[in-house]
Structure formats: structure tokens, C-alpha cells
Amino acid sequence: MSKIMEWVDARLPVTELLKSQATEYPTPKNLNYWWNFGSLALLVLIIMIATGLFLAMHYKADANQSFDVVEHIMRDVNYGWLLRYAHANGASFFFMVVYVHILRGMYYGSYRQPREILWWFGIIIFFMMMGTAFMGYVLPWGQMSYWGAAVITNLMSAIPVIGEDLVVWIWGGFSVGDPTLNRFFALHFLLPLVIFGVVILHLWALHAVHSNNPDGIDLHDAKDSIPFHPYYTIKDFYGYGIFMIIFCIFVFYAPNFFLEPDNYIPANPMQTPAHIVPEWYFLPFYAILRSIDFLGSFSKLAGVLAMVGAIMILFVLPFLDRSPVRSFRYRPLSKQLFWIFVVDCIVLGWVGYNPADATIFNGALPLIIIGRTCTAIYFGYFFLLWAITALDIEKHQPVPKSI
Amino acid sequence: MVTESDESRRDFLTLATGAVGAAGVAGAAWPFVKSWSPSADVLSQATTEVDVSGLAPGQMITVPWQGKPVFVLRRTPAQIEAARKADNEALPDPAKDADRAKKPEYLVLLALCTHLGCVPQPIGTGNFGGFLCPCHGSHYDTSGRIRQGPAPKNLPVPHYEFKDEKTLVIGKV
Chain A
31 MSKIMEWVDA RLPVTELLKS QATEYPTPKN LNYWWNFGSL ALLVLIIMIA TGLFLAMHYK
91 ADANQSFDVV EHIMRDVNYG WLLRYAHANG ASFFFMVVYV HILRGMYYGS YRQPREILWW
151 FGIIIFFMMM GTAFMGYVLP WGQMSYWGAA VITNLMSAIP VIGEDLVVWI WGGFSVGDPT
211 LNRFFALHFL LPLVIFGVVI LHLWALHAVH SNNPDGIDLH DAKDSIPFHP YYTIKDFYGY
271 GIFMIIFCIF VFYAPNFFLE PDNYIPANPM QTPAHIVPEW YFLPFYAILR SIDFLGSFSK
331 LAGVLAMVGA IMILFVLPFL DRSPVRSFRY RPLSKQLFWI FVVDCIVLGW VGYNPADATI
391 FNGALPLIII GRTCTAIYFG YFFLLWAITA LDIEKHQPVP KSI
Chain B
38 MVTESDESRR DFLTLATGAV GAAGVAGAAW PFVKSWSPSA DVLSQATTEV DVSGLAPGQM
98 ITVPWQGKPV FVLRRTPAQI EAARKADNEA LPDPAKDADR AKKPEYLVLL ALCTHLGCVP
158 QPIGTGNFGG FLCPCHGSHY DTSGRIRQGP APKNLPVPHY EFKDEKTLVI GKV
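Those protein sequences? They're chains A and B, same order as listed. Last residue of the first sequence: number 433 in the numbering used here, and the count goes up by one each step with no gaps. Last residue of the second sequence: number 210 in the numbering used here, and the count goes up by one each step with no gaps.
Since the hints were made in silico from the structure, they are not lab data. It is possible that part of the hints are untrue.
Claimed, not checked - Pulled from the structure, derived: some chain A residues nowhere near chain B, Cβ distances all over 12 Å:
#	residue
1	L47
2	E54
3	A163
4	K365
5	F409
6	S432
7	I433
Claimed, not checked - Listed next, the stretches of chain A that the computed footprint assigns to chain B, with coverage defined by at least 3 CB atoms under 8 Å from CB atoms of chain B:
#	region
8	184-198
9	315-323
10	377-390
Note that the Cβ used here is the ideal one computed from N, Cα and C, for glycine as well.
Work out the full structure: start from the sequences and follow the hints.
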């Protein structure tokens, strides 16, 4: 065996790579469980690619067949129900894991110097995930698939001058139809592989600068770190176990919990369901889109810009945060802002889930008011984080010298 | 020995090669880009004929045209009256009702909300006696004009003609 490895290593240094980047890769010794979510995301990506590949072997992208073929997968294909339910629920769990992963990065300042490029690759992955999830949701060709596709592709029409032509180009027709379904299938197949490639870049960027840690301080000597294997391999596997228990509870006992009943109605271009909602993971952004309705004919474009801006602003986060301290553990004001931001995102999700003209307190308070307020708070987080750090308003607590 | 003229000659050649290469890539990309535009069979679905003789006043039907829903409403005198009255109000997208309905009795609308393309609900569901888009709460009046909500424009009136008393042709022949 060692002779074979010697022969290989002389030609391709596999052992050296595994040693330096995996088994003996130095990792901060104080990582907490929030650091499990990166490897969890990789696990879900692998589940999604595996189930997706085998679903594709049974699926047909055709406006007249796709709805039926999904039911054929559910009823006739051996374990087709398992493949599909794992894939559909996997999308939801992917976003859950990734949202925790992003929020962990925001709380412990993992986006700060020197990890900006690592952070940007992450946002690019997140962005491509959203595109992939959106196009995948179209494929069963139910009512929510169809109208979700109609609403989201129509966002492009807000672009001045070229918008209308652009939408027709994306559709390949004058409405969402068969050509749209076909190209979405092709792209839904391609994008996860691109995501996989960017994940490798993400890991490269991570290994170039090494992991951040809950204290947000640089490592000083060998005593601060432990080898990735066995310490973090075992911890990651423990996380996988917990994750799979929860994932399987949904796949086997509540497979339709995250799915919309309306998507079990075949797509009908002549009738929009009374209440269309995106998948839960898009709801906060959907609420931001809808909250801009007070600018007359500019509302549409402004809503789209606000929604896209809500993600794009993450790119400049490393430059907005000017604190000398990375981790919010030692930043009392930032910590409070962070939790307001988290609650705000959940409230935005709730607003997005409800109909546009819904009210609470017997009509006294239209939800749109809450939506606008929460949109302001969402962007306010980034402004205030800049303000309290750039203007030296926040006094940070003493930071330990070493971990 | 490399002279200054050699260097500028090389710069020129590098630039020229780059430019030709870029033009070549753009040219090669064009068929791929263009393949996404509507194909010939999609473009050929031009017109839809509708028999409107069976419509009672106040009745509305939805017909498909180029894969999109079109509302055909036979308006009641009250609905026409309401639409004309609003002509002089401050409208987000000003238009006269007379310009939107060739025959005042028949209102023909492309039933896709100008906000994000949902199909509005039938006549009488929205404020102003018109159409409500359920997705994001846009209200259109009895002429299909936007009155309230996020939509920027009135519901478009597709090109249509009355071939005879009872046959409506939607789309350009």
C-alpha cells in the first residue's frame, strides 16, 4: 500500500495535500457548534446533487408532461417518492443551514479582513443557490411553479428600456411556457455543478487565511490550534447525525410541511391562485419587494432594486464594519443590532407570507406598514453598524490576548 | 535588440489580435443568445377569435391569446359611466376611457398585472368597481386603469378588431 502511495505521491502529491489541508490542517481549538454549519451545507449540497441527478433520469421538461411525470416519479418509480421528498425538503434545509452559516459569519465578524474574498465567494454561492432553487421550483409545473416563475421573471421588466424585451427573451415566448420550462431545467442541472466549483474556491479562500473563531482574534502559536482530524472530523460527523435525524423526520413524517398545496394543481396560465407565496426562504426578500409601493410608477423598479440591494449590501459589509474588534462577543452595541436584525428578518418573512393587503388588530394596522418599517430596519442595520464603528460610538469590551 | 518601434509594433499586434478575438467570441455567442428568443412556432400564434354575442351586460370571459389571458367584458352602463367619470381625475397612468374601448360596451384587456404579471381577479373585485390583482394588491378600475397599488401602468389593451357584429379578433391579422 505504502509503495503504491509513494509511486502516486511522486507524480501527484496526494498525501501531502491531505495532510496539510485535511488531517493535520490547523484549526482554532475554540470553535463552537455554529461552526458546524459550513460542513452541513456541503452535506446538503451533496444530497441535493445526488438526488437531483437521479430525479433527472426520470423527469421530462415539457409543459404538457412535467406535472404528470412528477406524479409518476412519486407513484411508479422505485423510491421515486424518497428521491423527490429528499430533494424538495433538502432545498429548505439547505437554506436553513446556509442562513445560520451566514448569520454566524455576521456575528463573529468572519467577513472582516483578511476574509473578504472568502465572504464574497459565500455570497456568490448564496446568490446562485437562490437562482437554482427558484428554477427547480418551476419544474413540477404546478400552479405555484408557474406563477412563481411569472412573478420573478417579470421582475426583469422593471429594468428601464430593455426590460420588456429581456423578459420575452428569458421566456422564449410571450408568457412563461414550454421553452421557459426547458431552459430552466437545463440551468437547474448546470448551476449546482457551478456552485460546487465555487464551493471549492470558497474552501481555497478559507484555507488560505484559516478559520475565524468565536473570539475573532488571530491565532498566535501552535497551542491555539488543533489538527482538523480527528477533532473536527468527529465534531462534523456528530453534527451530521443530528442534522440527518431532523431531516429524516421531515422527509418521512412531514414531507409536505414546506410545500404549498396549490402546487399540486397543474399550472394554469389563465388563472392566478388567490394567494401566491414564494418558498419560505425567499419570504423576507419578497416582503422587501412588496414594501416599496409608495413611489407611484417608480415603485416597481424601486422594489426590485431594494430586493436585490438587500443581498448586494452583504458584499460591502466588510467595509462598513470599522470596529477594531471582529467578534460581536466583545461588542455590546453590535450584538444588540445583530439580534434586532435577526428578529427583523423573521418579521419580514411573516409579512411576506401574508397577503399584500392583510391587516392586524382588526384592520387598524396594515401589514404593509410593518413591511416598510422592517425594510427600513433591515437596511438600517448596515447603516448603524457602520455609524457606531466608524464614528467610534461603540466601546468594545476587553478582548483576550489569545484563545 | 528590441527597439521602441518594435515595442509599439508588438503592442499594436497584441491589441489587434485581442480585438479580433473578442469580435469572434461575440459573433460565436450570438446564435446561443438568439436561441432563447421566441421560436418561429411561438411567433406564429398570432390571433384569437372570440364570439361575443353570448355575453350578457356585466358578464366577463377570459380567453387565451398568445398564451396569455385576455379579459373580454361587456360593460354595464354604470361601469361605462364610472370609467368616463374618472377620465378627469388624477390618474397614475392617464388615459381616456374612449381611447381604451373601441366600442364602449366592450372592454378588452390583456389580463396581466403590469406590476409582476399575475392575472387580476374578475370585474368587481377591486376598489373602483374594477379588478384586483391578488398578488401585490393593485386595483384597476372599470376601464382597466391602475388606480391604487404598486403596478406602474394601466392594463394594456391588446390590438383588436370587430370582424363583424359578434366576432372579436384579438391580435394583428
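Hint by hint, here is what the structure shows:
1. Residue-level check passed: L47(A) sits 35 Å from the nearest beta carbon of chain B, beyond 12 Å.
2. Distance to chain B confirms E54(A) as a non-interface residue, since its nearest Cβ pair spans about 44 Å, more than 12 Å.
3. The Cβ of A163(A) lies farther than 12 Å from every Cβ of chain B, with a closest approach of about 18 Å, so its non-interface assignment holds.
4. Interface exclusion of K365(A) from chain B stands, the closest Cβ pair being 35 Å apart, more than 12 Å.
5. Residue-level check passed: F409(A) sits 19 Å from the nearest beta carbon of chain B, beyond 12 Å.
6. No Cβ of chain B comes within 12 Å of the Cβ of S432(A); the nearest lies about 52 Å off, and the non-interface call holds.
7. Non-interface call for I433(A) relative to chain B: holds, since the shortest CB-CB distance, roughly 49 Å, exceeds 12 Å.
8. Counting residues of the region 184-198 of chain A whose CB falls under 8 Å from any CB of chain B gives 4; the rule of at least 3 is met.
9. With 3 residues bearing a CB less than 8 Å from a CB of chain B, the region 315-323 of chain A meets the requirement of three and the coverage assertion stands.
10. Using a Cβ-Cβ cut-off of 8 Å, 3 residues of the region 377-390 of chain A lie near chain B, which meets the minimum of three, so the contact claim holds.
Going through the hint list in order, the structure satisfies each hint without exception.
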